[in-house]
Amino acid sequence: MSPSEDAVHFGLVTAVSGFSAAANALLIVALILRTPRVMNSYSVLLMNTAGVDFCAALLSITLGLRIQSIDGMVYFEYYGPCTGWNSQFCHRALSVSALYAVLFVHSNVLLLFSYIYRWWMLGRSSLTSAGPPQIRGRVWIITLSSIVPSLVTMAVSHSEAVFTGCPHASVCSAYPLAPHGVMSEATSVTLILLFGTYAITAVCFLLVRRLLIRRIQALHTPERLRHQMICNSLTAQAFLPLSGVAAAASWALDFFAIVQSPWLQRSIVLMSSAFALFSPLIILYFLRPYRRRPSRPVAPKKCPALGAWAPEDCKAEFASNGKTYDCMAATTTTTKFTCADNTYSPVVYGDTTYLILNSVTCDSATGKWNYDSDDDVFTDDTLGTVVGSAPYVLACAKSM
0 MSPSEDAVHF GLVTAVSGFS AAANALLIVA LILRTPRVMN SYSVLLMNTA GVDFCAALLS
60 ITLGLRIQSI DGMVYFEYYG PCTGWNSQFC HRALSVSALY AVLFVHSNVL LLFSYIYRWW
120 MLGRSSLTSA GPPQIRGRVW IITLSSIVPS LVTMAVSHSE AVFTGCPHAS VCSAYPLAPH
180 GVMSEATSVT LILLFGTYAI TAVCFLLVRR LLIRRIQALH TPERLRHQMI CNSLTAQAFL
240 PLSGVAAAAS WALDFFAIVQ SPWLQRSIVL MSSAFALFSP LIILYFLRPY RRRPSRPVAP
300 KKCPALGAWA PEDCKAEFAS NGKTYDCMAA TTTTTKFTCA DNTYSPVVYG DTTYLILNSV
360 TCDSATGKWN YDSDDDVFTD DTLGTVVGSA PYVLACAKSM
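In numbering that gives the first Met the number 0, the protein residues as written are 0 to 399.
Derived by calculation from the structure, the hints in this document are not laboratory data.
Keep in mind it's a predicted model, so treat the numbers as computed, not measured.
Each residue gets a CB set at the ideal place from its N, CA and C atoms; glycine is no exception.
Some hints here could point you the wrong way.
Pair by pair, the computed Cβ-Cβ distance ranges are [unchecked claim]: (1) Glu4 x Trp119: 48 to 56 Å; (2) Gly83 x Leu32: 34 to 42 Å; (3) Gly17 x Leu210: 32 to 40 Å; (4) Ala6 x Cys203: 40 to 48 Å.
With the hints as extra help, turn the sequences into a complete structure.
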């Protein structure tokens, strides 16, 4: 193709990837500055997804990649800035190109983890298993370790790469898969990686989403609205893997010589880049805490000291959250606490009363205490442990 067509190709890649990088950078800033306490653990998954997509967008701009298949050889032709810095850098960039593909596949895996995480969180009846700090740590470990298999695949691919024989005398790297009509082991693994990941995650999306919606519908109104907001975001994101399917299908058409077109080859990278572009935009649109306009800075207000609740205050608070409790007493202590005629620790309750654990945070804008809608109601003989550094409100209540 002519130099002008190469320039148009690089311009399109730069535009799409540039917007992707900017959108993901904006999302990362919003996650750092505007994540509410109740979404701290979930924000770990959002941060990982935004970071992966941001790196993929920068790689796309740096490489200006075009993928072409000729006689069983897959050529990664470079038209980006790397060609002007050091040709050896581009020659060694097959591993970087493999990382580019790995990052988009990993974005789908992280999206599936987001569904599973929401479903798991709704299944937790109390804080007995792990608190927010422990949960965040586990989410970080899972998301970071999940990319290891893909990185191993990338390393193996690089060991088989060759750096000669560019079809258009451009800077390129090449990976031998198979001659026409021969399904080698390398070809099979590549097709399974490309199509298998998208197919498996798509089926899992449908199954987990169905379970997630069932649990959301069983919640009280305030909690249901917040979880429904996140579910709507995940539902919109579930369509993003279609861009990867389209890119993989275009590559397969070219590899098996079914349809061969220079612009089909160039569109592979553009279609796969759609995931990194639309994912942060969907999150910023559907999740209200991240789409609020920044307000003028005001001096933070201090909340009054937490004291014992009067029974009527406790009753009014839970009524505002859709609860039907007639509170008998309330306190912020974490020592033993008397409920009716029995003495309870903060996490033990009796047969006729409920002990309600609610975490509270100070709203510096209003100077009022905010009560977490995800309160834990302990009944029967269940034991739990108060975790985390935030203060907690304990209330003894009878069901009305």
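Hint-by-hint comparison with the structure:
1. Glu4 x Trp119: 48 to 56 Å: Because 49 Å falls inside the window, the suggested range holds.
2. Gly83 x Leu32: 34 to 42 Å: 36 Å, holds
3. Gly17 x Leu210: 32 to 40 Å: 38 Å, holds
4. Ala6 x Cys203: 40 to 48 Å: 41 Å, holds
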